[in-house]
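K.L.:
Starting from the known structure of chain W, arrange chains Z and U on it as the hints suggest.
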Amino acid sequence: MVGVELAYWAESLLRVLGGLVAVLLPAGTVVYLFLFKMMSFMQSRLGPMEAGPYGSLQLFAEVGKWLQKEDIVPTNAQPEARIFKIAPLVVLASTFLLVAVVPFGPDAWFTDFDGGIFYALAVSSVSVLGILIAGWSSANKYSLLGGLRAAGQLIAYELPMVLAVIGVVIQAGTMNLQKIVVAQNAGEIFGWDGLGNPFLLTQFVGFLIFMIAVQAELTQTPFDMPIAESELVSGYMTEYSGFRFLIFFIGEFATAGVFSMIASVLFLGGWGVPFAWFGWTAIDDVDNWMNVVGPLILFTKMIIVVFFVMWVRFSYPRFREDQLQRFAWKVLIPISLANIMVTAVLKVAF
Amino acid sequence: MPKPKVPGLLKGLGVTFSTLVRTATDGAATVQYPHEKETPPIRARGVIALHEGNCTSCMLCSRSCPDWCIYIEGHKELAPPRRAGGAPRKVNKLDRFDIDYALCMYCGICVEVCPFDALFWSPEYEYSEPRIADLLHDKSKLGEWMETVPEAPDLEVGADKKGKK
Amino acid sequence: MTMLGDRQQLSYIAAQAADARVNVELETEGMTLNIGPQHPATHGTLRIVARLDGEQVVWAEPVAGYMHRGYEKLTEVRTFPQVTALINRIDWLGSFANEVPFILAAEKLMGVEAPPRAQHIRTILFELSRIANVSLFLGDLGVQLGAVTPVFFAFRDREYVLNLIEAATGGRFHPNFDRIGGLKDDLPAGFIDETRTVMVKLRRFCDEIESLLFGNEIFQSRTRGVGVIPRDVALSYGLSGANLRASGVEWDLRRDQDLPMAWNKADWKVWTHPDGDSFARCWVRLQEVRESTKIVDQLLDTIPAGPVMTKVPKIIKVPEGEAWVSTENPLGEMGYYVVSKGDLGPFRVKIRSASFNNISIVPWVLRGVYVPDIITILASLYFILGDIDR
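Protein chains in written order, with our numbering: chain W, 1 to 350; chain Z, 351 to 515; chain U, 516 to 905.
Heads up, some of the hints might be wrong.
[Said to hold, decoys possible] Here are the simulated DSSO-like cross-link-like pairs (lysine-lysine), alpha carbons at most 30 Å apart as the crow flies:
{"hint": "1", "chain 1": "U", "residue 1": "Lys780", "chain 2": "Z", "residue 2": "Lys489"}
{"hint": "2", "chain 1": "U", "residue 1": "Lys716", "chain 2": "W", "residue 2": "Lys37"}
{"hint": "3", "chain 1": "Z", "residue 1": "Lys361", "chain 2": "W", "residue 2": "Lys330"}
{"hint": "4", "chain 1": "U", "residue 1": "Lys716", "chain 2": "Z", "residue 2": "Lys387"}
{"hint": "5", "chain 1": "U", "residue 1": "Lys809", "chain 2": "U", "residue 2": "Lys588"}
{"hint": "6", "chain 1": "U", "residue 1": "Lys865", "chain 2": "Z", "residue 2": "Lys426"}
{"hint": "7", "chain 1": "U", "residue 1": "Lys699", "chain 2": "Z", "residue 2": "Lys489"}
{"hint": "8", "chain 1": "W", "residue 1": "Lys37", "chain 2": "Z", "residue 2": "Lys361"}
{"hint": "9", "chain 1": "U", "residue 1": "Lys716", "chain 2": "Z", "residue 2": "Lys361"}
{"hint": "10", "chain 1": "U", "residue 1": "Lys784", "chain 2": "U", "residue 2": "Lys623"}
{"hint": "11", "chain 1": "U", "residue 1": "Lys829", "chain 2": "U", "residue 2": "Lys716"}
{"hint": "12", "chain 1": "Z", "residue 1": "Lys440", "chain 2": "U", "residue 2": "Lys829"}
{"hint": "13", "chain 1": "U", "residue 1": "Lys809", "chain 2": "Z", "residue 2": "Lys491"}
{"hint": "14", "chain 1": "U", "residue 1": "Lys829", "chain 2": "U", "residue 2": "Lys865"}
{"hint": "15", "chain 1": "Z", "residue 1": "Lys489", "chain 2": "W", "residue 2": "Lys37"}
{"hint": "16", "chain 1": "U", "residue 1": "Lys699", "chain 2": "Z", "residue 2": "Lys387"}
{"hint": "17", "chain 1": "Z", "residue 1": "Lys443", "chain 2": "U", "residue 2": "Lys829"}
{"hint": "18", "chain 1": "W", "residue 1": "Lys65", "chain 2": "Z", "residue 2": "Lys387"}
{"hint": "19", "chain 1": "W", "residue 1": "Lys65", "chain 2": "W", "residue 2": "Lys37"}
{"hint": "20", "chain 1": "U", "residue 1": "Lys809", "chain 2": "Z", "residue 2": "Lys361"}
{"hint": "21", "chain 1": "U", "residue 1": "Lys588", "chain 2": "U", "residue 2": "Lys716"}
{"hint": "22", "chain 1": "U", "residue 1": "Lys784", "chain 2": "Z", "residue 2": "Lys361"}
Hints in this document: simulated from the structure, not taken from any laboratory.
This is chain W alone, in the form it adopts within the complex:
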């Protein structure tokens, strides 16, 4: 442990600040790097260029714009205005709860408990609640359709996601995210430990299913029917304006960042470098400087994962709702069940 003793309030403050950074920084990076720049370049244009060098301050301009706008509650939503207003906060809360279990370094974590991945998968469904509330309380037919689609879709994809993670859990022998990271970096491939043992290699099928489920969970194209701007205007977000829309927006992209972090923790070795490089064997050997470098490594891995998420988003058209359900139940779930069986058999065999 770091040899600094902090008062409880100081530690709490630090955690709150850390949580804000861990949610907002990925969101900002994802939006600028991918939504503004990568998308533009993929469409032979430059994206925002005026605010700051290469448009890097565009985010602040956008946030400022949204903050200035009026906070409108539609007339038909007035009786339930409180519920209408609380919905985006529920969505964002899910993101904050999610980031709590992500380990950023040997000692840099918010909480470290043994049900980590179980908890993460559980709280990620809280956002469904917020979306459903938003869709229902907007008193708008498009919002209603969007909210219901979102609920159906997120529940359908929760299952393959859990099943894909089970393979990792079996292999690592723990549900603690920190221990999963250690298991990957301290591991070895047939006696060669130069790369550790990232579960990407052994759980490639699981990784693919997890990423597809993440894509659906994040409601990114090809699974963006809840928003589906050409059909449902903007789905459950249609009636939101000003900073409540901003919160939805931050929630969407922060969740993209946080899910990518979880994906890199589960499959790419998280914050760690292969321990063999520095002669470490267990988590207690890891030097303190990894608490600074670790988050950067995790961040880099997150960027790489988000790149793929966004690349798919900008290239593909979207599924239809029934096709999506069929895909989840008839393709992804059987494959992930098979994956679990194979993993379990191999785990016992070796």
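P.N.:
Below, chains Z and U without anything else, positioned relative to chain W:
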């Protein structure tokens, strides 16, 4: 087909990625407007310029305009005779020549019907105004556009005659 | 229930019955969804009233007229040269193609014919506007299906075509270049070479769209077998253009009519597709863009020398009579029935625009589909609102 079939999903990713690379290396297809500008073609119908000296206020343009956005007022004046001892000539004098660009459809009929070469197209396009009323250009403003009027372009091979305006 | 036609009455009763059925079985009630007049997918202000059972459409009806501009009436108080400036704006994406049938009808009444060079250039510009129009459709198709990138490709490459049209005619969207008896002007120098390079770019655009959209398995699963219009239904609803050809009817006015245009001087193919579903309609359009680039390339080689204008009086008075000319426009058959009483302007013009007839099939084809399919079917039917409402 002997070629192995690449799944369409991967091909699509390839297209976007190659465009990404192309934009990064060769530059974007777009133009950063206030900083760089594209030059419109010579024939581009940007704004109508008026050569006041040629105008006889014959009202042909005003009458042929499909949405009647040209306003002309004139009066007759006596000009000194051409030859000494002749009778004084009657000349049409132009008082007002306004084009309301808020109404104009940029069809070009007025330029075409003008029998005295008083109206010309200029490719200039940057004359937007904060107030819609300012889009009514009077004859001095229309006269200022005259210097932006380009020479008529050469014609493609096989054309019958050299281009007029 | 007053003032409804028989068919509407029947479908209304069907909707009510469906509601009742749903109510009995599942204790749910249907929902009427107004798609439009302000909606991202209707490119314009078309309104589709859809009666939904869950996400399934029980009954749907297009409501047109939100953007009616009264062109048929407007033309009655305009002279013939002024009319061309107006009718440009009917199908605003392929506006040169709107002028041609009207001018041909007026020429028919006057008994003049444009010189061969003018006919050639007319055909080239006609095909260019088809390319500009349909390539935007191909990009827009992506947006309707949720893919954001194709539309930017479409705008990027359509820009080259618009630049060509602007260089030749002076107007990017509304050329107003066609005149009774020929063209306003000849082509500017360098046009032919420029067009050739642009056609190469457009063919590359078609390849890109094909691998980005048409080859994509998601796209295929969204469009194949969706919104199938059988051959006889397509014919009985009066569909035209690519919508009809996608139902397997080999019908193309460019080939089937003997107009004073240059299509018969080029070697090209009429593409048809046997399926009649959304995919077929989109695919036929993609092939037509390719075919149009070929037509333009061939016609560029063979532009005859000569004048672009015959002798016509300075003040055009069209002799008394009636004429009907229709051409194969980007959206389908577009025709003008021009009645002249020997005045400066037409006495009456009836405009047969393709989209108006094409969306008449909407109630038939939307029955029983899902909400997302409404959008793909509407996108694949491809209408331009100005062309519906005029």
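K.L.:
If a hint holds in the structure, say so; if it doesn't, say that too.
P.N.:
Going through the hints against the structure:
no.	hint	verdict
1	U:Lys780 x Z:Lys489	violated (49 Å)
2	U:Lys716 x W:Lys37	holds (25 Å)
3	Z:Lys361 x W:Lys330	holds (25 Å)
4	U:Lys716 x Z:Lys387	holds (22 Å)
5	U:Lys809 x U:Lys588	violated (38 Å)
6	U:Lys865 x Z:Lys426	violated (44 Å)
7	U:Lys699 x Z:Lys489	holds (27 Å)
8	W:Lys37 x Z:Lys361	holds (22 Å)
9	U:Lys716 x Z:Lys361	holds (19 Å)
10	U:Lys784 x U:Lys623	holds (28 Å)
11	U:Lys829 x U:Lys716	violated (41 Å)
12	Z:Lys440 x U:Lys829	holds (26 Å)
13	U:Lys809 x Z:Lys491	violated (46 Å)
14	U:Lys829 x U:Lys865	holds (26 Å)
15	Z:Lys489 x W:Lys37	violated (47 Å)
16	U:Lys699 x Z:Lys387	holds (28 Å)
17	Z:Lys443 x U:Lys829	holds (26 Å)
18	W:Lys65 x Z:Lys387	holds (28 Å)
19	W:Lys65 x W:Lys37	holds (20 Å)
20	U:Lys809 x Z:Lys361	holds (25 Å)
21	U:Lys588 x U:Lys716	violated (41 Å)
22	U:Lys784 x Z:Lys361	holds (28 Å)
Consistency note: the structure conflicts with the earlier hints numbered 1, 5, 6, 11, 13, 15, 21.
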